[in-house]
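Given the coordinates of chain A, work out where chain B should sit on it, guided by the hints.
Chains A and B are the protein sequences, given in the same order. So in this note's numbering, spot 82 of the first sequence is number 82, and the numbers just go up one at a time. So in this note's numbering, spot 270 of the second sequence is number 270, and the numbers just go up one at a time.
Treat the hints with care, since some could be wrong.
Unchecked claim - Mimicking DMTMM-like on lysine to aspartate or glutamate, the simulated pairs with C-alpha atoms at most 25 Å apart in a straight line are:
#, chain 1, residue 1, chain 2, residue 2
1, A, Lys178, B, Asp129
2, A, Lys2, A, Glu194
3, A, Lys2, A, Asp213
4, B, Lys2, A, Glu194
5, B, Lys238, B, Asp84
6, B, Lys28, B, Glu368
7, A, Lys178, A, Glu36
8, A, Lys214, A, Asp253
9, B, Lys2, A, Asp158
10, B, Lys29, B, Glu368
11, A, Lys178, B, Glu61
12, B, Lys28, B, Asp242
13, A, Lys2, B, Glu177
14, A, Lys178, B, Asp120
15, B, Lys2, B, Asp285
16, A, Lys2, B, Asp182
17, B, Lys238, B, Glu177
18, B, Lys29, B, Asp358
19, B, Lys367, B, Asp285
20, A, Lys2, A, Asp141
21, A, Lys178, B, Asp66
No lab work stands behind these hints: they were computed from the structure.
Chain by chain, the residues run as shown.
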Amino acid sequence: MKLPGYVAGIGVLGPGLLNWPQAAAVLSGRQPYAAEPTVLPIPSMLPPAERRRTGRVVKLALGVALEATARADADPAPMPSVFSSSGGDGHICHEICQALALSTREVSPTRFSNSVHNVAAGYWSIATGSMAESNALCAFDASFVAGLLDAMTRIAVDRQRVLFVAYDTEYPPPLHAKRPIPDALGIAMVLTPERTATSIARIDVALTDEGADKMPDPGLEALRSAIPAARALPLMRLLACGAAGRVVLDYLDVSRAAVQVEPCA
Amino acid sequence: MKPMLLAEFTATSCIGSGLAPTLASLDKKRSGLTHCDFETVRIDTHIGEVPGVDAQRLPAEQRLFDCRNNRLAELALRQDGFLDGVDAAAARWGRRRIGVFIGTSTAGIMQTELAYRARDPVSGALPVDFVYGTTHNSFSVADYVRRRCGLEGPAMAVSSACASSAKVFGTARRMIEAGLIDAALVGGTDSLCLTTLYGFHSLQLTSPAPCRPFDVARDGISIGEAAAFALLERASAKVGGDSILLYGVGESSDAYHMSAPHPEGLGAKRAMQAALTAASLEPGDIDYINLHGTGTPSNDRSESQAVTSIFGPTTPCSSTKGATGHTLGAAGALEAVICALAIRNGMMPGGVHTTRVDPTLTAHYIKENRHSPLRRVLSNSFGFGGTNCSLIFGRAG
Chain A
1 MKLPGYVAGI GVLGPGLLNW PQAAAVLSGR QPYAAEPTVL PIPSMLPPAE
51 RRRTGRVVKL ALGVALEATA RADADPAPMP SVFSSSGGDG HICHEICQAL
101 ALSTREVSPT RFSNSVHNVA AGYWSIATGS MAESNALCAF DASFVAGLLD
151 AMTRIAVDRQ RVLFVAYDTE YPPPLHAKRP IPDALGIAMV LTPERTATSI
201 ARIDVALTDE GADKMPDPGL EALRSAIPAA RALPLMRLLA CGAAGRVVLD
251 YLDVSRAAVQ VEPCA
Chain B
1 MKPMLLAEFT ATSCIGSGLA PTLASLDKKR SGLTHCDFET VRIDTHIGEV
51 PGVDAQRLPA EQRLFDCRNN RLAELALRQD GFLDGVDAAA ARWGRRRIGV
101 FIGTSTAGIM QTELAYRARD PVSGALPVDF VYGTTHNSFS VADYVRRRCG
151 LEGPAMAVSS ACASSAKVFG TARRMIEAGL IDAALVGGTD SLCLTTLYGF
201 HSLQLTSPAP CRPFDVARDG ISIGEAAAFA LLERASAKVG GDSILLYGVG
251 ESSDAYHMSA PHPEGLGAKR AMQAALTAAS LEPGDIDYIN LHGTGTPSND
301 RSESQAVTSI FGPTTPCSST KGATGHTLGA AGALEAVICA LAIRNGMMPG
351 GVHTTRVDPT LTAHYIKENR HSPLRRVLSN SFGFGGTNCS LIFGRAG
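Just chain A, with the same shape it has in the complex:
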């Protein structure tokens, strides 16, 4: 059982990965990988009142989503979206739990509204005026492939182009010790049922029992294993190389996802 689709545009942001062209140069080995703290863009697409309220999760997800839709030359408004993340906004969660541990228990209403797991999907809809359906998923360390499967089944069944965004941010201490995600990393893809003018490659996704591929570069392998969204890096590397091939991505304890890549160039 294979789920086919085309990658029409990619957005990437993470430690030492600034955007898709720069990330592609690093992932394909044309540039060395140098880990740097992730610098998140200001979500200028949001109205000022909303912009002030957004945390790191929203900045990250909207940043990569915007890059992917721009590279795909796609209008975001009619496009369904899938947002998948291994956790919500860790900083907001920390603030709320800290407030609840005090006898006063004064929770900020804005923080509470922004604590929902679908916060990035909500702000994306507000920023783009998109009334299309949007999913917000979580599968802990398996969140990238969980989101990919949801996006690919939309293509298979509904024959619509889909925005898929996988993103993770760090928890501050003391939660950081229990969930040590080191920094923010997001990957967005516009996936389409047919080949388009901007198509990078055709992909076919299937479940498999094989073990997940690793990154040859130790720095990128450390990133892959530390941030759930970075479990996509072997696929991003193949797309960056512009070569045909097959990769196996990490998913659940009992299964992984095999992705066959056929470049469109």
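Then chain B, alone, in the frame of chain A:
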């Protein structure tokens, strides 16, 4: 879309653990809401607490998952022979061919709330025995259910605020239609915690009284907890006429505000229309609407406008949240099961606690139970972030 069979279903909320007590409560118009005495919470509000959650134990091999949310899931899974039904489905389809998609808004976040009260006074560290991944993380309940049931297909939590466990039906039907799986265990579980009680209170959205959806004096929600599950399969040609099918799923976004619904209910309207289109039905085909009906002034006004704009002022509708409370991420699945019970028993549950329907709300809100055969019913679930989902259920015959 192709209709999907609800091969099994069960629900546990403050009005009953399992289908029989739930139906009996609906029949007697009994509410499970009581004044809030949950944990150390000091808020003047009512809650829908499920009895026996704290006493529920998880199987030893799943002890890392132990938290209130997964105890509630376990309590619900044990009702109505649901686990036996899942085993039979696993034997029929194969464990790899059954997915698990569970909606939740806060999962086991209460473990983290408690851990923050027990931080090391010097280092600030959380207690050694606190485990994040199998309790607090949104995936925890989906992971618990798949391990508990021995299912090995694709799995995920949908966490789209209060539309979460309606949207799992959409994810499941796409996975089944795409051929990735043959069946799906779908559902929702959300349990009482301090984050939602104090959070909704901070937004001034909790009512001091038991919530009164669509009442002229409605003044907010009552938070409840629930777990509800269904086994969804492709509907074969030979399903019995009494079987309950999922006919349509419609989803949309408001593109308006993070915590306030679109004032004219445009997103809600779009979701209901999408569900009708998916089911190839006309508005006149819908016999009853189970509303999102939270009891806040703005939600009910917006939803009433959306409902009336599609269905006009005569289609009977009600909210069951006066009985169960707003069970947040579990509301979609709980109300899906209530719709299945309504269809099976030919009974539209009248809204509990509502005494005088707001005359400015034009939807046909019913306060008394009505008995009549129901062929097709629609259920609405909306959430923060402007996320909307409408489901259409009906008899196979």
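Outcome of the hint check:
1. Simply put, Lys178 (chain A) and Asp129 (chain B) have alpha-carbon atoms about 10 Å apart, close enough for the 25 Å limit, and the pair holds.
2. The suggested pairing of Lys2 (chain A) with Glu194 (chain A) holds, with an alpha-carbon distance near 15 Å, which does not exceed 25 Å.
3. The straight-line distance between the Cα atoms of Lys2 (chain A) and Asp213 (chain A) is roughly 19 Å, inside the 25 Å bound, and the hint therefore holds.
4. A distance of roughly 23 Å separates the Cα atoms of Lys2 (chain B) and Glu194 (chain A); the hinted pair therefore holds under the 25 Å criterion.
5. A distance of roughly 22 Å separates the Cα atoms of Lys238 (chain B) and Asp84 (chain B); the hinted pair therefore holds under the 25 Å criterion.
6. At most 25 Å may separate the alpha-carbon atoms for a hinted pair to count; Lys28 (chain B) and Glu368 (chain B) meet this at roughly 10 Å.
7. Taken as a hint, the Lys178 (chain A) and Glu36 (chain A) pair is honoured in the structure, with Cα atoms around 23 Å apart against an allowance of 25 Å.
8. About 16 Å separates the Cα atoms of Lys214 (chain A) and Asp253 (chain A), which keeps this hinted pair within 25 Å; it holds.
9. For the suggested pair Lys2 (chain B) and Asp158 (chain A), the alpha carbons sit about 12 Å apart, so the restraint of at most 25 Å is met.
10. Note on Lys29 (chain B) and Glu368 (chain B): the hinted pairing holds, with a Cα-Cα distance of about 8 Å set against a maximum of 25 Å.
11. With a C-alpha separation of about 21 Å, the suggested pair Lys178 (chain A) and Glu61 (chain B) falls inside the 25 Å cut-off, and the hint holds.
12. For the hint pairing Lys28 (chain B) with Asp242 (chain B), the CA-to-CA distance comes to about 24 Å; that is within 25 Å, so the pair holds.
13. With a C-alpha separation of about 13 Å, the suggested pair Lys2 (chain A) and Glu177 (chain B) falls inside the 25 Å cut-off, and the hint holds.
14. Using a Cα cut-off of 25 Å, the hinted pair Lys178 (chain A) and Asp120 (chain B) holds, with the two alpha carbons roughly 14 Å apart.
15. At most 25 Å may separate the alpha-carbon atoms for a hinted pair to count; Lys2 (chain B) and Asp285 (chain B) meet this at roughly 17 Å.
16. Note on Lys2 (chain A) and Asp182 (chain B): the hinted pairing holds, with a Cα-Cα distance of about 15 Å set against a maximum of 25 Å.
17. Simply put, Lys238 (chain B) and Glu177 (chain B) have alpha-carbon atoms about 18 Å apart, close enough for the 25 Å limit, and the pair holds.
18. Straight-line distance between C-alpha atoms of Lys29 (chain B) and Asp358 (chain B) comes to about 20 Å, which keeps the hinted pair within the 25 Å bound.
19. Taking the CA atoms of Lys367 (chain B) and Asp285 (chain B), the gap is about 22 Å. The hint holds against a cut of 25 Å.
20. For the hint linking Lys2 (chain A) to Asp141 (chain A), the alpha-carbon distance of about 23 Å falls within 25 Å, and the restraint holds.
21. Of the supplied pair hints, the one linking Lys178 (chain A) and Asp66 (chain B) holds, its CA atoms being roughly 16 Å apart against a limit of 25 Å.
When the structure is compared with the earlier hints, no violation turns up for any of them.
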